[in-house]
Structure formats: structure tokens, C-alpha cells
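Residues in the sequence shown are numbered from 744 upward in steps of one, following the working numbering.
Keep in mind the hints are simulated off the structure, nothing from the lab. Just so it is clear, the structure is predicted and the values come from calculations on it, not from any experiment. Don't be surprised by glycine CBs; every beta carbon is placed ideally from N, CA and C. Be aware that one or more of the hints could be misleading.
Using C-beta positions, here's what the derived DEER-type ranges look like [what the hints assert, rightly or not]:
| no. | residue 1 | residue 2 | range |
| --- | --- | --- | --- |
| 1 | P970 | Y834 | 26 to 34 Å |
| 2 | G969 | Y815 | 24 to 32 Å |
| 3 | K1001 | E878 | 51 to 59 Å |
| 4 | P919 | G758 | 29 to 37 Å |
| 5 | E812 | E982 | 34 to 42 Å |
| 6 | T1011 | Y815 | 34 to 42 Å |
| 7 | Q855 | A1000 | 26 to 34 Å |
| 8 | Q990 | Y815 | 26 to 34 Å |
| 9 | K823 | Y755 | 24 to 32 Å |
| 10 | F840 | E878 | 16 to 24 Å |
Heads up, simulated SDA-like pairs for lysine to any residue below, C-alpha to C-alpha not over 25 Å straight-line [said to hold, decoys possible]:
| no. | residue 1 | residue 2 |
| --- | --- | --- |
| 11 | K767 | H945 |
| 12 | K767 | I1012 |
| 13 | K767 | Q794 |
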Amino acid sequence: MSIKAEHLNYVYSPGTAYEIPALKDMNLEILDGQFVGLIGHTGSGKSTLVQHLNGLIRATSGHLYFNGEDIYQEGYPMRKLRSQVGLVFQYPEHQLFEVDVLSDVCFGPLNQGLSREEAKKRAKEALRMTGLGEEYYSRSPFELSGGQKRRAAIAGVLAMEPQVLILDEPTAGLDPKGRDEILDQIRMLHEEKHITIVLVSHSMEDVAKYVERIIVMNQGEAVFDGPPRQVFRHYQELEQMGLAAPQVTYIMHGLKAKGLEVDENATTIQEARDTILQAFRKE
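Hey, can you work out the whole structure from these sequences and the hints?
What follows is the structure, given as C-alpha cells:
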């Protein structure tokens, strides 16, 4: 077991005219090694939730457990939690500040108390995992492209060797090529290191392609939770929440309605291709 929330509630500005309930009785468990997609419209509570997962926000009520320990118990080491549950904010390149890429990625491990030699070793490995080779070590982070900056920022979190990596809209503002490169690197990282990954995204295509489990947030609650194929069966309910299923889902349902015997629960282009070819072979 990695992360477990029990009856988690959070209220912004409690007791004032601006009081807003952001999380409502959240019960959630994320197991070790899972690749989870967290989706929801703006204001659904997803960013508030992920900031609870590494202790940046403390719940108004309820409990949050990491590896079986309640992080709200007296004396719990929050600093240790934040090194084990890494959170990459939206536009993380705004956090880059060192004179060169290698120094920037070393910052986290050095703050953990590691020697400079060990910090450099971790930083180089993290940069390798995010696709930035030696030729980038001495370059200023401000000279990198948008996608490269994003990778360097992610490497800075990876260098602390977290057990859980949370990415809040990691592809925001990137072009399609940059988005695919970042997400492919994240998938490779998951396959190579087997760490738990929580991907916050607005893109249904992205979560359908990469994650194994989707949690849908709406008005502070988890309304759907399951594999992509299962969640996207509720595409009409998702539309009512201001979301949409992947385009493939609509195409499959349209073909099914026209009488073609396809699997309308296909969620990726590859799945759609396979079921369409299979349907034509039967005819």
C-alpha cells in the first residue's frame, strides 16, 4: 500500500463568506507501482488533492496514510514525506534557478544531506531518465527549449528518488511533439523504475494512452475510478461534467450505431484499429 485517504475533507477560507469546500469525504487508495490518471474540470479539486498527497496542504478533517502511517500524527516527518512523494507543479520550469542544468538537478539531493559526489551521481541518472544527456550538463537551464526545461525540472524531483511522482499537467503549454516526448519519457520511467505515478491532465487522449487507472474528480469528489475502458463507458456523464472521452470513443460508438461490430469500449487508436480490422474480416 502506498497512499490511502480516508474521509478526507478540505475547505478553503472556512468560516468566512468565501468558504469553498474543495474536497468532500474523499476515500482513495493508490497502490505501489500504479500509473494513475487524475482528471476533472477546472475547480474539480484535483490540484487540491495532489497537494495533500505530499503534505503541502493539511486536510480540514480526515486521515491520509503513506505506507501505513498517518501523516497527520504528531511528530510525523513531513520533510521526509516530501522527498518520497515528489510533486511537479504545472510549468515547473519556473522553478529552475541555478547557473547550469546539472547544478539545478543536484539541488534537491544536496538538501537531503547527500554529498556533492552522490548528488551528482543521482542528478546524472535522473537526467538520463528524462532524456537529457551530458551535452546539457553545463548549459544554462534558461537556454533550453520549453520541453527540455520541463524535463530538467522533472529530473530535479527524480534525483531525490521519490517513491511516488505526481505530475500536475506536465504537458501544459507544449506543442504536440513536446507533449508526446514528455509523456513517453514518463512512461519509460514508470516501466524502468516501477515507481508510482499520478498524472493530472485535461487530455483524455493522454490518459487513455498512458495510464492504467483513471480517477475522475467532480466538485471535490471522486465520481469514477477504474481502468480507462471502464471509465470512458460513462462518456455521456463525463460530458455533463464538462469533460469528454477520447475522440476514439465517439468514433467507436458511431460505428457501432451504424451496425459495424466493433468494440465500442476501445480507447486508443491501436485498439480502434484492431477492432475495426477484426469487424471487416468478419463481414
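Quick check on a hinted range of 24 to 32 Å for G969 and Y815, using CB atoms only.
holds, 28 Å
Evaluate the given range 26 to 34 Å for the C-beta pair formed by P970 and Y834.
For Y834 against P970, whose Cβ atoms are near 30 Å apart, the range 26 to 34 Å holds.
Distance restraint hint 34 to 42 Å, applied to the beta-carbon atoms of T1011 and Y815:
Cβ of T1011 to Cβ of Y815: about 39 Å, so the range 34 to 42 Å holds.
Holds or violated: 24 to 32 Å for the Cβ distance of K823 and Y755?
holds, 27 Å
C-beta pair K1001, E878: status relative to the range 51 to 59 Å that was hinted
holds, 53 Å
Are Q990 and Y815 spaced within 26 to 34 Å by their CB atoms?
violated, 42 Å
Take a quick look at whether K767 and H945 sit within 25 Å of each other, Cα to Cα.
holds, 21 Å
Straight-line Cα separation of K767 and Q794 no greater than 25 Å?
Holds, at about 15 Å.
Do the Cβ positions of F840 and E878 conform to the proposed distance bound of 16 to 24 Å?
holds, 21 Å
Hint says 34 to 42 Å; check whether the CB-CB distance for E812 and E982 agrees.
Holds, at about 40 Å.
That 26 to 34 Å hint for Q855 and A1000 (C-beta), does it hold up?
violated, 56 Å
Measure nothing beyond the straight line between the CA atoms of K767 and I1012; if it is 25 Å or shorter, mark the hint as holding.
violated, 35 Å
Against the hints set out earlier in the document, violations occur for numbers 4, 7, 8 and 12.
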